[in-house]
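There are 2 protein chains.
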Amino acid sequence: MSVNQTTGKPLFIGIDGGGSKCRATIYSSEDAVVGTGVAGRANPLHGLSKTFESIQASTELALRDAGMNLIDSKTLVAGIGLAGVNVPRLYNDIVNWEHPFAHMYVTTDLHTACIGAHKGGDGAVIITGTGSCGYANVNGKELCLGGHGFALGDKGSGAWLGLQVAEQVLLYLDGFAKETALTERVLSYFNTKDAMGIVEQLAGQSSGTYAKLARIVLECAHANDEVALGIVKEGAAYISELARKLFEIEPPRFSMIGGLAEPLAPWLGKDVIAKLSPTLAPPEFGAAYYARQQFQKK
Amino acid sequence: MSVNQTTGKPLFIGIDGGGSKCRATIYSSEDAVVGTGVAGRANPLHGLSKTFESIQASTELALRDAGMNLIDSKTLVAGIGLAGVNVPRLYNDIVNWEHPFAHMYVTTDLHTACIGAHKGGDGAVIITGTGSCGYANVNGKELCLGGHGFALGDKGSGAWLGLQVAEQVLLYLDGFAKETALTERVLSYFNTKDAMGIVEQLAGQSSGTYAKLARIVLECAHANDEVALGIVKEGAAYISELARKLFEIEPPRFSMIGGLAEPLAPWLGKDVIAKLSPTLAPPEFGAAYYARQQFQKK
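So the sequences go chain by chain: A and B.
Under full-length UniProt numbering, think of the first position of the first sequence as 1, with each following residue one higher.
Under full-length UniProt numbering, think of the first position of the second sequence as 1, with each following residue one higher.
To be clear, the hints were calculated from the coordinates, so they are not data collected in a lab.
There's no promise every hint is true.
Copies of the same chain are indistinguishable here, so a pair counts whether it falls within one copy or spans any two.
To be verified - In silico SDA-like pairs for lysine to any residue, Cα to Cα no more than 20 Å straight-line:
#: 1; residue 1: K193; residue 2: R89
#: 2; residue 1: K178; residue 2: S29
#: 3; residue 1: K141; residue 2: D194
#: 4; residue 1: K233; residue 2: E167
This is chain A alone, in the form it adopts within the complex (with noise of 0.2 Å):
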């Protein structure tokens, strides 16, 4: 097993899996960030083999940028958050797949987003960046809400945003709603002055294509927009209420993560803001900190 020259105590690496980027980190048992490397994409829900090409990348380029051997891999004890591993199916594929680490512990990329952001704590988080979801773990209790993906859930999110201008423009070019400053945004965002241009570039898209458009929207709102401001208060509304219902089983700590985080919090609910407190480190920590809880009670 690696260990630590000084301390002769064995490290650790966490990995979050996503599903544009795979993020990996070797820590020491201090804590100390030893070596990281980034990697594509690695979400088990979108494809097996590429996530544990990823997973097996981000290792290789933080084992390398901590100045160590490749076959190290064999001695680092491995802690990894992935979407998807509540279903059984999928959990099973993954722990039973021949990994490159002396132990390997997997668990939801929420459950190792709160585990960092709490730094370790009992705790909830909200991610809303391309989609959106919540979870809280107090006294071992679990909680998971929303994040049934786009577009059958995720309010509140980019993907979310962007489907709802997109709707609201293609409504005013048909007559059904009127003009504002958002409908001349989008239209320009799209070089086209009709639906079909609309539609040729969003039917069939991913909702990373639609998140695109959250930007927009958010700005728009911030000029006082009447759209646009309907679409971003009823996203946060959700969002609010989703954090109320993380609160019930009483968190003592709270976090907002993801690229939406931030440009919601003006229309976020005054109890909501209240209990935000910053995040204290990655999901990577958070994964990183899951193997060594694990790897103790052995």
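Given the coordinates of chain A, work out where chain B should sit on it, guided by the hints.
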């Protein structure tokens, strides 16, 4: 050119391409059905070669049904209604096809459906099945509304109703909406008690999968289920508005087509129902009629 043995006039074939089926009917110059054929999907937006294959296959079946030889396709005057041919690129791809007909005239599936519904006369149609859209043609002026596709638009369609009810049930499972008869029906349809069970069956699925939920929503709305009623009324209100927009260009006749046309009727505006007339002929008739019009202009 194939001619009616009695009258010596040319034969026309009308072809209606769709997302699931391609229907072809050979008509005499006196509108008598000479032969029919049905093949697989023919939507150029979802594949050009499959579209050509289905047009060819349905034509061959219609020829066989008419007791004609396959080679006789080279003597037919064809009219084809297809989705997406209002996109110039797709229109060019279609008309440049080395088709098996004497002449081929292509227009949108909305146009041929409208000609069919009014047996050649001016008028308006609303199509509500898996998707929804409106179309009117009056004195050569065309109006085309909605039909932006799932999940971007198509309000009041089967897929839209299905998406709304899935969202509502997922919100209920997270504690954001109350339980109604609809909830129970949907959970039993998916044979699950939790959100993950629904998400697994719907994530990434096509509009057709969502449209299968429409029947449940409509039945629950009839039984006065509050949530189902809210969804159905919102969808029907949009369809009514769609009709009123079409009425603005004063179509002499108005029909509704598609699997949801009749089920939605109880919730449509009285002004809309008052103007509703039955469809007089199928889209294939419209396609053949269009071909004859264009052919006689030559």
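Against the structure, the hints come out as follows:
1. K193 with R89: For K193 and R89, only the inter-copy Cα distance (17 Å) is at most 20 Å; the intra-copy one is 47 Å.
2. K178 with S29: Cα proximity of K178 and S29: none, with 60 Å in one copy and 48 Å across.
3. K141 with D194: For K141 and D194, only the inter-copy Cα distance (17 Å) is at most 20 Å; the intra-copy one is 51 Å.
4. K233 with E167: both (16 Å within a copy, 19 Å between copies)
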